Amino acid sequence: MYPLELTVNGRSCQVAVDFKTTLLEVLRDKLFITSPKVGCNTGDCGTCSVLLNGKLVRSCITNALSAQGKEIITVEGIAKAGELHPLQEAFHENYGAQCGFCTPGMILASKALLDENPKPTREEAKEALSGNLCRCTGYVKILDSVMAAAEKMGGPQGS
Amino acid sequence: MAEGQFLKAESPQEACALLARHGGKARLLAGGTDLMVALNLRQSSPEVLVYIGDSGLNYIKEEGDNLIIGAGTALSEILDSALVKEKAPLLVETISHMASVAIRNVGTIGGNLANASPAADSATALLALGASLKIVSKGGERTVPVGQFFTGPGKSVLGADEIIQEIWIPAQAEGTKWGYRKIGKRKAQSLSIVSVAICCPLNGGTCKGVRIALGAVAPTPILAVGASALLEGKTLNESLINETAKAAANATSPVDDVRSSAWYRRRASEALVRQLLANMSA
Chain A
25 MYPLELTVNG RSCQVAVDFK TTLLEVLRDK LFITSPKVGC NTGDCGTCSV LLNGKLVRSC
85 ITNALSAQGK EIITVEGIAK AGELHPLQEA FHENYGAQCG FCTPGMILAS KALLDENPKP
145 TREEAKEALS GNLCRCTGYV KILDSVMAAA EKMGGPQGS
Chain B
70 MAEGQFLKAE SPQEACALLA RHGGKARLLA GGTDLMVALN LRQSSPEVLV YIGDSGLNYI
130 KEEGDNLIIG AGTALSEILD SALVKEKAPL LVETISHMAS VAIRNVGTIG GNLANASPAA
190 DSATALLALG ASLKIVSKGG ERTVPVGQFF TGPGKSVLGA DEIIQEIWIP AQAEGTKWGY
250 RKIGKRKAQS LSIVSVAICC PLNGGTCKGV RIALGAVAPT PILAVGASAL LEGKTLNESL
310 INETAKAAAN ATSPVDDVRS SAWYRRRASE ALVRQLLANM SA
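Quick note, the sequences are listed as chains A and B, same order. Under the working numbering, think of the first position of the first sequence as 25, with each following residue one higher. Under the working numbering, think of the first position of the second sequence as 70, with each following residue one higher.
Take the hints with a grain of salt, since some may be wrong.
[Claimed, not checked] In silico lysine to aspartate or glutamate, EDC-like type, Cα no more than 16 Å apart, as pairs:
#1 B:Lys256 x A:Glu151
#2 B:Lys254 x B:Asp325
#3 A:Lys79 x B:Glu146
#4 B:Lys256 x A:Glu147
Calculated directly from the structure, the hints in this document are not laboratory data. Treat the numbers as computed from the prediction; the structure is a model and nothing was measured.
Given only the sequences and the hints, what does the whole structure look like? Please build it.
Set out below in structure tokens:
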């Protein structure tokens, strides 16, 4: 086993991992952070998405040791002092979640987008979320939520 | 069972030394978008992972007439590179259709090639661009044209102790037209059913050294050399384009699989080559 140090949602964590343990296994099974879900486990569905040093990654196919010393953000870490993040509010207000299984990944993929491009067009938002699957197929409401959040946070451009 | 090892290489030289020591028991790990999937599915069981994600293989530069991309450069960095946009827009266009944001953020161009999938999209573009690979090992280095790199599905000339260090893309001739089209099951996150990339240097309207590359329609990504040769010294016109598209489709040897049928792949290859060349002649 190898020692692994990570900062997860601002908290420094030390765990021991195997040479092929995934970041998703560390988050769920060792740190009990369960918003990233085990979906396909092959990087295709996006429900395990987290931010690694600010970049969207698939935690299910991220070797945990490759994240040594890096900073991870999950949905648990985006609400500040009990206040929901504007994206969380927007998903709540616009019925962006149905069964909820894809929602953490959708919110983080949206956050990654808005961090880089605060005023996306709906088409750009679609492209940014295209790697995240919603098997309830609630994509219209999800995109509504992202556009509403962008507006809350500064104002969207076109539609 | 012995515990597996995770060894972090600080440089390409160190990665080569580790591969030389562990031989066939080791696999290189960069972004992990192929290897970690194989590990999760238990399709691969290496005893050693040599991690090269922080080994200094991440760069894009220009040297003389060549655009040089470090093999460990993430697809998203190539997509955002002003230099690649200027020198090899075909590669940028191709990568924009690959996978999705999260995969492009960590998946590397060297990994896409080394994995040697017949459907590796970056390979199709690099074939059309006439790119070469700088391959290094503990014993030395060699240069292999992308057209001679792949030997079969999942197979390449890369030895167990070798790594791809750099991708070299030569400057394209003045007035080169290019085009790329990929057909997948859906827009994002899909493996190609067929992809076609063409670089067509036009010297006063005359074709010179055209390269037509096709992906996912043969055991390896291929260059349709015979089809390209039909265009040499000629001006693009409808009948020539049709003839070339047919010849390109004849160069394919597609399979029936879960994504598509061989019949469709052959037809789509012809249609895409025809369409791309027609756009260039317009």
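Hints and how they fare:
1. Of the pairs offered as hints, the one joining Lys256 of chain B and Glu151 of chain A holds, with about 9 Å between alpha carbons and a cut-off of 16 Å not exceeded.
2. Among the hinted pairs, Lys254 of chain B with Asp325 of chain B is consistent with the structure: their alpha-carbon atoms are about 15 Å apart, no more than 16 Å.
3. Restraint check for Lys79 of chain A and Glu146 of chain B: satisfied, since their Cα atoms lie roughly 12 Å apart, inside the 16 Å limit.
4. Between Lys256 of chain B and Glu147 of chain A the alpha-carbon distance is near 13 Å, which keeps this suggested pair within the 16 Å criterion.
No hint from the list above goes unmet by this structure.
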